[in-house]
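K.L.:
As given, the protein sequences belong to chains A and S, one line each in that order.
Going letter by letter, the first sequence gives residues 415 to 1064 in this note's numbering.
Going letter by letter, the second sequence gives residues 415 to 1064 in this note's numbering.
It should be emphasised that the hints constitute simulated quantities derived from the structure, not laboratory data.
A couple of the hints might just be wrong.
Straight-line Cα separation of at most 16 Å, EDC-like style, residue types lysine to aspartate or glutamate; simulated pairs [said to hold, decoys possible]: (1) Lys954/A x Asp513/S; (2) Lys545/S x Asp513/S; (3) Lys954/S x Asp515/A; (4) Lys815/A x Glu856/A; (5) Lys960/A x Glu710/S; (6) Lys545/S x Asp512/S; (7) Lys771/S x Glu809/S; (8) Lys960/S x Glu1026/S; (9) Lys659/A x Asp720/A; (10) Lys917/S x Asp918/A; (11) Lys960/A x Asp606/S; (12) Lys954/S x Asp513/A; (13) Lys659/S x Asp720/S; (14) Lys813/S x Glu839/S; (15) Lys929/A x Asp912/A; (16) Lys813/S x Asp848/S; (17) Lys960/S x Asp512/A; (18) Lys954/A x Asp880/A; (19) Lys917/A x Asp918/S; (20) Lys887/A x Asp853/A; (21) Lys954/A x Asp515/S; (22) Lys960/S x Asp513/A; (23) Lys887/A x Glu856/A; (24) Lys914/A x Asp918/S; (25) Lys917/S x Glu604/S; (26) Lys960/A x Glu1026/A; (27) Lys917/S x Asp606/S; (28) Lys914/S x Asp918/A.
What follows is a list of derived Cβ distance ranges for each label pair [said to hold, decoys possible]: (29) Ser505/A x Thr785/S: 56 to 62 Å; (30) Gly1022/S x Arg607/A: 46 to 52 Å; (31) Asp436/A x Gln741/S: 16 to 22 Å; (32) Thr946/S x Ser493/A: 50 to 56 Å; (33) Gln561/A x Glu808/S: 53 to 59 Å.
Cβ atoms here follow ideal geometry from the backbone N, Cα and C, with glycine treated the same way.
Number of protein chains: 2
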Amino acid sequence: MPLGERGIDNKGESRYCGVEADFTDDVPRLLSFNLSNGGFDFVVAPLMNPDYRPSLLEKCSDKPRVPPFAGSDLVVNPSRWSSHVVGKISSWIDLDADDPDVQMDSEISLKQEIAWASHLSLQACLLPTPKRASCANYARCVNQILQGLNNMQLWLRVPLVRADNESIDETSGIFTDYWEMWNIFRQLCEHDRKLSVALDVLSSLPSENSIARWYGEPVRAAIVNTNCFLTNARGYPCLSKRHQKLITGFFHHSIQIVISGKPLHEVLKRYSDLDAVQGANNNNGVVSHHLRPYLEYVGYLYQKMDPLPEQEQFELGYRDFLQSPLQPLMDNLEAQTYETFEKDSIKYLQYQRAIAKALMDRVSDENISSTIIVLMVVGAGRGPLVRASLQAAEETGRKLKVYAVEKNPNAIVTLHSLLKLEGWENSVNIVSSDMRHWDAPEKADILVSELLGSFGDNELSPECLDGAQRFLKEDGISIPSSYTSFIQPVTASKLYNDVKLHKDVVHFETAYVVKLHSVARLAPTQPVFTFTHPNRLTNKSNQRFKRLQFQLPTDMGSALVHGFAGYFDAVLYGDVHLGIEPLTATPNMFSWFPIFFPLRTPVCVQSGGSLESMFWRCVGSNKVWYEWCVTSPSPSAIHNSNGRSYWVGL
Amino acid sequence: MPLGERGIDNKGESRYCGVEADFTDDVPRLLSFNLSNGGFDFVVAPLMNPDYRPSLLEKCSDKPRVPPFAGSDLVVNPSRWSSHVVGKISSWIDLDADDPDVQMDSEISLKQEIAWASHLSLQACLLPTPKRASCANYARCVNQILQGLNNMQLWLRVPLVRADNESIDETSGIFTDYWEMWNIFRQLCEHDRKLSVALDVLSSLPSENSIARWYGEPVRAAIVNTNCFLTNARGYPCLSKRHQKLITGFFHHSIQIVISGKPLHEVLKRYSDLDAVQGANNNNGVVSHHLRPYLEYVGYLYQKMDPLPEQEQFELGYRDFLQSPLQPLMDNLEAQTYETFEKDSIKYLQYQRAIAKALMDRVSDENISSTIIVLMVVGAGRGPLVRASLQAAEETGRKLKVYAVEKNPNAIVTLHSLLKLEGWENSVNIVSSDMRHWDAPEKADILVSELLGSFGDNELSPECLDGAQRFLKEDGISIPSSYTSFIQPVTASKLYNDVKLHKDVVHFETAYVVKLHSVARLAPTQPVFTFTHPNRLTNKSNQRFKRLQFQLPTDMGSALVHGFAGYFDAVLYGDVHLGIEPLTATPNMFSWFPIFFPLRTPVCVQSGGSLESMFWRCVGSNKVWYEWCVTSPSPSAIHNSNGRSYWVGL
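Start from the sequences, fold in the hints, and give me the full structure.
P.N.:
Shown next, in the form of structure tokens:
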């Protein structure tokens, strides 16, 4: 029975728990014992007798040459194989052994077992951890197999061990940071999306930063050994706080749990005693499962999890899904889009607060009755900022004359009908024009706009507001008064592979709006470009160029950078801000997902190392675009030269 | 007048010598002075008045906004501009300056000057050396320009300085190994083939290994400063032995020389005195050129060069030209191909020596008259190895019965006619069959074959000889008795760019036969795969797998690896060998050019670092292929998985 199911509880995706089993050729009993008695959802089981070696079989040429598989598709039907068994590839295989016979046996066996698993339509096979640091021949063979696989996943078993020391123990030739091994292996296999990771969780855990890297990697399962478990007062298995946090982290990232190892707890011994007394059966005449208490504890951890906030549940379908940014200047938004964004009440509340503060600063209490403030909403859409402005005026008792300037003729229709409905005819003037070309009848005290994209200036707010500044009084106020973009390097193997699917450069040179979820943030964000309004410089330019240096945490180990996550923060007025930069993000606001700038070739940053990158904002006669690159530790190409792949039309 | 011209002298490609000049707005005089009086072939001259700054022009808005270029296409016609002028971009430009005004002026000026050079159809422009280690904004701007250029080359001026120290001087932020700067710059510009290098040669030179790297880079010109020159006994300029060797190296790689700087030699002073006496004119009434003695010395060095050997002259057209390897097993060779290869007399002489030795070992002098040796030539082609065998028999007095086995029915026709012409009917039997399937009437004492490709086994000699081994006596001899492939990492930017032109993965996963010339060999070769014949192992396999570790010379500095150069060496018999491995190559043999295995992404190896790579020889049911990868310093993808891009048919 799954720990949780999407749509039934409200904790996101479905979660399953499996169990690792030893070889048996009685697969029906294996399944009934672990699934029915044990309560597990699936079994990770060897497909082949561990004593089998292809070269031995060849020597006994009198016997029929049938490899000793656990059971065929006649004993257990394919749909049951497919939904309940993960094939465990023989753990003796060692393709990089010095002995050429072991090498050859390993290659033959690996290919046989995976071909068999494919025949049974298994969803995944578990590949044993490479036995040595140099594992290129193993990777070569897996890579050859991957070329021919359709849907089956290959999970490379990777121990989750400490990364504090040097990454390869010189004496043993074994990795102490197995992430490095994974990184070599997957690069040799060209980041194939069918190759993923099963983490082996041990009793000692690496640092949090070291663990965090894995959330950007394609981790499908975590194999939790029974020796990770402590014993509670009643003799039952439980986990340390750090292990609990880890398992919860796995739940959050839809990583399936697999219980592995021997039972190590008193309660189980008691179970067993009871079994012995009752002839190995419990009260119901069913053989009790020796690992069931561990499953129950994992289930308990799942139950303890807080349900997802409503907003998060709504956004589940958007997680790690790449979207092209809007082009609201070139294209006209649709009613549905307006409708969605207008629901973001927090955003308009922040605007209302900012406008109220501006009004109070602009008009002292004495002058309330004598002063009428001219406020222009540029990019009025269907009117939410007009409403926020009027509410701010009412709240502060200031008098307002509002102009609602909007270039989308469809939104103008809606605005007119809103005026009638709300009775705003006397205080609001609707202007159907592009703010950059409008010939205003008077100058404004306050210019209110919301032209911000996920990366702040990426929907061309600077160009629009520079154009509108003509009709702002010398001492007039712009809301927002400034905005800044931020970036940070991320591991995001899912996003990288989704971009790579297109097999062209254009998609690697495009920025995407995306609800980041399976992503590892490798360093704190840093500011990129800032724009301030009004901008009274004589030779103003909205071109920008920024060099950024990111330092990876020293206890993280090495990491692979697939690109940059981008955010913005805007100062609306005074101390009222609005933004999605993770540390300072406005809570409960949903109008903006982050932006993602991919890298054509992922860049590996060594443990404790730093990453230098450059971002440019370029302005041409009819478009604005970004270019970006990495210069250190190894230079990338400059992405999106001349905006050849991705640009925003003026 | 060119130093040398292809087809006129016999020293290869044409070589020119240019001169670097200061700004003048009298371009006709500039040309006549430097070309007619000076004898130079071209002038590297500024296109723009060095005092010009775009921002200054804007301020003086009363003047017409025409940038002060040196001269227009009316003063000097475009064909003269194009053939005699390399545009020197303003050396003040500094796109990575902290001052945003300098940045902006630099970007505008760079774009203006290159647009102008393009308008004049110049063949190249010289870009000034970046002023600081961080030069990404310069690279971004050049990269943007490159996207729009058609044919014009941009030569980045790179000082040829020592690489012994750390590569960036931390205090000054300036590179001490400018190769690193070049490497970052060109990677940011995606290895654009229109971006190349002009080396600035100074009085002190880096190590030979450090210089050697540049021969794999796209170096188009070497600017030799007058302060490099020493003074000979008669007061004339001359160069040190090391500088002479460098200039000769440039000649060999068709790198044009440019003389730069002030005259620094007595003889010139005397010239000037003479000029002064004679009113600045020499005897003929022509102004003498102050740098002519330097040109004359460079011309003298050129004259001193040995002419190319005939073979090299013949191969000029093949230099760095990628060819697909032959598939002689799948395809039948054409008469022209046989004809070409049969001209390689050295190769057949080596075979004759090997066969003679084998015959003497096989038949003692006493048994000469009683013993007839059965010798089979497998892959006899049009008979050159039959001839070598008969000549060896004659030379040693041994009696021979020859079978000439050949699968190409067209070659069989030629063989029959050869037999009649030479009167070999009694000693030679022609067999029209694939050696792998021939049912031989008797067993051979000696099996002679030449099935070797540039990489030894790459034309499937192992598979063919394993197939032919059935009809070799238990104690029979195979000539060759073994062969080994070798590789070494190389910088080969020209080859890399030629492969890249195809814009697909397939061409990056193909090995090419190529006469390597503009290539830097970064480490000594290492053996890869060895095959020995006859092979009496019971479970023989021609699959191979080799891990190779290359150490770069410590005084070389960092280098970029574009791929691997491959060679072979074959032991024919005893101490008689045949091969193209550079250190042991058989002289004057021309049947094989090296093979080149490209890398999809070039790998940078740091100064004194090492490169680990893996090569596999894989055998399937109907094809043989190689896979290869780099595992360290940074892992590449495994190339040619399952032989998907490149394979040899069985």
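K.L.:
It remains to establish, for every hint, whether it holds in the given structure.
P.N.:
Cross-check of the supplied hints:
no., hint, verdict
1, Lys954/A x Asp513/S, "holds, 15 Å"
2, Lys545/S x Asp513/S, "holds, 14 Å"
3, Lys954/S x Asp515/A, "holds, 11 Å"
4, Lys815/A x Glu856/A, "holds, 11 Å"
5, Lys960/A x Glu710/S, "violated, 49 Å"
6, Lys545/S x Asp512/S, "holds, 12 Å"
7, Lys771/S x Glu809/S, "holds, 10 Å"
8, Lys960/S x Glu1026/S, "holds, 11 Å"
9, Lys659/A x Asp720/A, "holds, 13 Å"
10, Lys917/S x Asp918/A, "holds, 10 Å"
11, Lys960/A x Asp606/S, "violated, 24 Å"
12, Lys954/S x Asp513/A, "holds, 15 Å"
13, Lys659/S x Asp720/S, "holds, 13 Å"
14, Lys813/S x Glu839/S, "holds, 15 Å"
15, Lys929/A x Asp912/A, "holds, 14 Å"
16, Lys813/S x Asp848/S, "violated, 26 Å"
17, Lys960/S x Asp512/A, "holds, 11 Å"
18, Lys954/A x Asp880/A, "holds, 9 Å"
19, Lys917/A x Asp918/S, "holds, 10 Å"
20, Lys887/A x Asp853/A, "holds, 14 Å"
21, Lys954/A x Asp515/S, "holds, 11 Å"
22, Lys960/S x Asp513/A, "holds, 13 Å"
23, Lys887/A x Glu856/A, "holds, 9 Å"
24, Lys914/A x Asp918/S, "holds, 14 Å"
25, Lys917/S x Glu604/S, "holds, 13 Å"
26, Lys960/A x Glu1026/A, "holds, 11 Å"
27, Lys917/S x Asp606/S, "holds, 13 Å"
28, Lys914/S x Asp918/A, "holds, 14 Å"
29, Ser505/A x Thr785/S: 56 to 62 Å, "holds, 59 Å"
30, Gly1022/S x Arg607/A: 46 to 52 Å, "violated, 38 Å"
31, Asp436/A x Gln741/S: 16 to 22 Å, "violated, 50 Å"
32, Thr946/S x Ser493/A: 50 to 56 Å, "holds, 53 Å"
33, Gln561/A x Glu808/S: 53 to 59 Å, "holds, 55 Å"
In terms of the numbered hints stated before, the structure departs from hints 5, 11, 16, 30, 31, listed from lowest to highest.
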